[in-house]
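Visitor: Taken in sequence, the protein lines are chains A and B.
Note that the first sequence covers residues 1 to 336 in the numbering used here.
Note that the second sequence covers residues 337 to 836 in the numbering used here.
Worth flagging that the hints you see were computed from the coordinates, not collected in a lab.
Computed from a prediction, not measured in an experiment: that's the story for all the values here.
Among the hints, a few may not be true.
Across the chosen pairs, the derived CB separations fall in these ranges [unchecked claim]:
| no. | chain 1 | residue 1 | chain 2 | residue 2 | range |
| --- | --- | --- | --- | --- | --- |
| 1 | A | Thr32 | B | Ile731 | 25 to 35 Å |
| 2 | B | Arg722 | A | Thr32 | 40 to 50 Å |
| 3 | A | Lys116 | B | Leu466 | 53 to 63 Å |
| 4 | A | Gly110 | B | Val758 | 24 to 34 Å |
| 5 | B | Ala517 | A | Ser114 | 23 to 33 Å |
| 6 | A | Ser114 | B | Ser824 | 36 to 46 Å |
| 7 | A | Gln295 | B | Arg722 | 34 to 44 Å |
| 8 | A | Ala178 | B | Ile738 | 49 to 59 Å |
| 9 | A | Ser114 | B | Ile738 | 30 to 40 Å |
| 10 | B | Leu357 | A | Ala178 | 39 to 49 Å |
Only part of the chain B face toward chain A is listed, based on derived beta-carbon distances under 10 Å [stated by the list, open to error]:
| no. | residue |
| --- | --- |
| 11 | Ala382 |
| 12 | Leu385 |
| 13 | Leu466 |
| 14 | Phe478 |
| 15 | Arg586 |
| 16 | Pro680 |
| 17 | Ile793 |
We treat Cβ as the ideally placed atom computed from N, Cα and C, and that holds for glycine.
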Amino acid sequence: MIQTLGLRTAAVALVAAVASFGSPSAMAWEPTRTVEFIVPAGTGGGADQMARTIQGIITKHSLMKQSMVVVNKAGGAGGEGFLDIKNSKGNPNKLIITLSNLFTTPLATGIPFSWKDMTPVAMLALDEFVLWVNADSPYKTVGDFVKAMKAAPPGQFKMGGTGSKQEDQIITVAIEKATGTKMTYIPYKGGGEVAVQLVGKHVDATVNNPIEAVAQWRAGKLRPLCVFDSKLLAGKDKIAGEMSWSDIPTCKSQGLDIEYLMLRGVFMPPGVPKDAVEYYVELFKKVRATPEWAQLMADGAFNQSFMSGADYAKWVEGEEKRHRDLMKEAGFLATN
Amino acid sequence: MEGIGDLMTGFAVVLSWQNLLYMLIGIVLGVIIGVLPGLGGANGVAILLPLTFTMSPTSAIILLSCIYWGALFGGAITSILFNIPGEPWSVATTFDGYPMAQNGKAGEALTAAFTSSFVGALFAVIVITLAAPLVASFALQFGPAEKFSVFFLAFCSFVGMGKEPPTKTIAAMMLGFALAAVGTDTVTGQLRLTFGSTELLGGFDFLIAVIGLFGIGEILLTMEEGLSFKGKAAGISPAVVWQTWKELPRYWMTSLRSCLIGCWMGITPAGATPASFMSYGIAKRASRKGDQFGKGEVEGVVAPETAAHAAGTSALLPMLSLGVPGSPTAAVLLGGLLIWGLQPGPLLFVEQKDFVWGLIASMYLGNIVGLIVVLTMVPFFAAILRVPFAIIAPIILVVCAIGAYTVHNSTFDVVMMLVFGVAGYLFKKCNYPLAPLVLAIVLGDKAEEAFRQSLLISQGGLGVFFSNGLVGSIMVLGLVALFWPVLSNFYSRLLTSRRA
């Protein structure tokens, strides 16, 4: 085993040596060391699951010669991970997967980084948000829910969500604005925990991502009211009783005009070679073509948009502006 | 009993040569991971997770969960031999395990620790087998207020427990709370006490603190006392296992109580660390030899180890049935389940019977295999103490430094470890207990989070902590534990006055 490994290394080195003697420009860029894939969030969350799935796909299908390690840098609402990328100028063996904290953390905490400090690689997918209530609750539609909210004294309705001044709370504030009500937002550490708190009736509603709540929905413990997207979700398979993902109405059609999607994208440190960025774009295209990826997308009812290059950068720029406006409106901007 | 039939199917799934081999590999790797401070079970499982994607889900979870069992076993080894807890939940094992090793009873301490771990795990697996659905619905009762009450109980059962005066315990605990407050505040999302330093964004990691306070602190102390382990060379013979086993049944009451505490903590899910501390605290109060605790009492090893293992095992139940991990390692395993295409949740037990019962069967077998593996190694572990201090101390230092570095791949953490080491030395010199400090660093931010979530829910009213029977009775238990020294004092005075 060791011998074959040694031989293989020798062969690789030989090939590399021969190639470097040939025309270097024709030789495509490849990672030279183990690639570090940073997750600016804790283990077990949505971003972490996606990163680890990608790592598994790359290993299983041998998509990359070097290996990939997933490293969690969750400190400071992910600021730790983003600062690491920002400070690794020119290192082409580092990647980071993003959540909305790419925008919200610098705005809410003042930790000094922005997407402009990094090199955009590709958008892998967009994560959806769904308004969930307990299946035992009397609210069958958004209308029922909003009516009950308006009838109750302000602050009595409790919304559970992941983190503070991040995506879940932004949506909560948007719901408050749209309906003219006031809810109490309770921050928890992870999406799975939030779903269980709703099952245990410790909160009245959540805006969990599909993948965080699907298990409880299938078991008949939760009920989806609407999805915060302009179009219906894709999945047609029956999930709970007669309902599939595509049977959940959009919030807009239910009179709650709110749209919010979360970026699951990849960035690199600043000042990396262009070849390296292209290499990773191709790599992620290959990842997206595997059945394992398709399975993850279906399980989590993801919006499967893909972007890279200038399109991606432009999209991110627009999102950043939107988050700034949303956070400003909600009063979440850092004071210092 | 439908569960028993399912379990037999599970055994049929697990009992293939391939799976048994994975089990053995997993246990051995896990023990190694558990021994190395810093490289915890969660890291070990996370590193190996991608390698398992090509395996069948059942084999993969067997391999990974066996690493987890191995790490649970392994954590006790360094606690007993060197007073360096390899894992958070083995801190309480050092209290009596290390003094035992110093009295030349390392073999007994290790045997007691491993055996109680096994008993705790076995008890928890039986609970899972028989009462999985019931237990899952119990876990749903736990909202923020209930969670806070559990942490409250853990802290309270600690005050006045040590040999040190309660004021010193409380002082150490408060310092721990202050350290736990550093980093990001989950409730408001603001940074606290970081003073603009990027290294402090993530707060103080518990592992770094433990490695420094216990590991480095201990080495500094030993150096001062003349460069040698006080430990007499332990009598090393396999017979020590039998002798210890003969003695252990005497502590059945402590074991049973610790099993119950462990299962409760694992399911709620508060985790193995509070379970081990709470169990030790209660055992000390309940035992007739309570005043001997901390001087090398076998019972003081049995209690925390049993509870930690029971909690570690039952922590898998909320992960499987609710999708909420009861421990960091369970969180990584949860990620694995999703990648293998399994959806943890109430339906997992219905739809993936082979997988679930295969896993449960592997818990039985894995722990038996684990016990055999670690027990055969007891004489070797105990023999480490015969190595001269001048050789072993540098090795421990290097291992500690590597361990501290691996937690976040950061050299800053190694510096922090040394700072904590000096702090640990000073604490011991001034007779301040380290354990309350550690407990507060581990649970401080969780307790604070639960407390503030509860107050958000109640809109500021403290009544929420007594709003139903469950939370109310845990809080009362906590208060009783806190004021126990005063109460028992009062009670005995009442008795004497009546007699007079």
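Visitor: Would you mind marking each hint as holding or not holding in the structure?
Guide: Hints, one by one, checked against the model:
With their beta carbons about 33 Å apart, threonine 32/A and isoleucine 731/B fall inside the hinted range of 25 to 35 Å. Between arginine 722/B and threonine 32/A the Cβ separation comes to about 46 Å, which falls inside the hinted range of 40 to 50 Å. Taking 53 to 63 Å as the suggested C-beta distance range, the pair lysine 116/A and leucine 466/B conforms, at roughly 58 Å. The supplied range of 24 to 34 Å is met by glycine 110/A and valine 758/B, whose beta-carbon atoms lie about 33 Å from each other.
About 28 Å separates the C-beta atoms of alanine 517/B and serine 114/A, a value consistent with the hinted range of 23 to 33 Å. Distance hint check: the CB atoms of serine 114/A and serine 824/B are about 60 Å apart, inconsistent with the given range 36 to 46 Å. Between glutamine 295/A and arginine 722/B the beta carbons are some 54 Å apart, a value that contradicts the proposed interval 34 to 44 Å. Checked against the given bound of 49 to 59 Å, the beta carbons of alanine 178/A and isoleucine 738/B, roughly 53 Å apart, stay inside it.
In this structure the supplied range 30 to 40 Å holds for serine 114/A paired with isoleucine 738/B, their Cβ-Cβ distance being about 35 Å. Distance hint check for leucine 357/B and alanine 178/A: the Cβ-Cβ separation is about 58 Å, which falls outside the suggested range of 39 to 49 Å. This hint holds: alanine 382/B has a C-beta 7 Å from the nearest C-beta of chain A, less than the 10 Å allowed. Checking leucine 385/B against chain A: minimum C-beta separation of about 6 Å stays under 10 Å; hint holds.
With its C-beta approaching chain A no nearer than about 21 Å, leucine 466/B sits outside the 10 Å limit, and its interface hint is violated. Look at phenylalanine 478/B: its Cβ gets to within about 7 Å of chain A, closer than 10 Å, so that hint holds up. Hint status for arginine 586/B relative to chain A: violated, with the closest Cβ pair at about 41 Å, above 10 Å. Interface hint status for proline 680/B: upheld, as the beta-carbon distance to the closest one in chain A is roughly 6 Å, under 10 Å.
Restraint check, isoleucine 793/B versus chain A: the minimum CB separation of about 6 Å is within 10 Å; hint holds.
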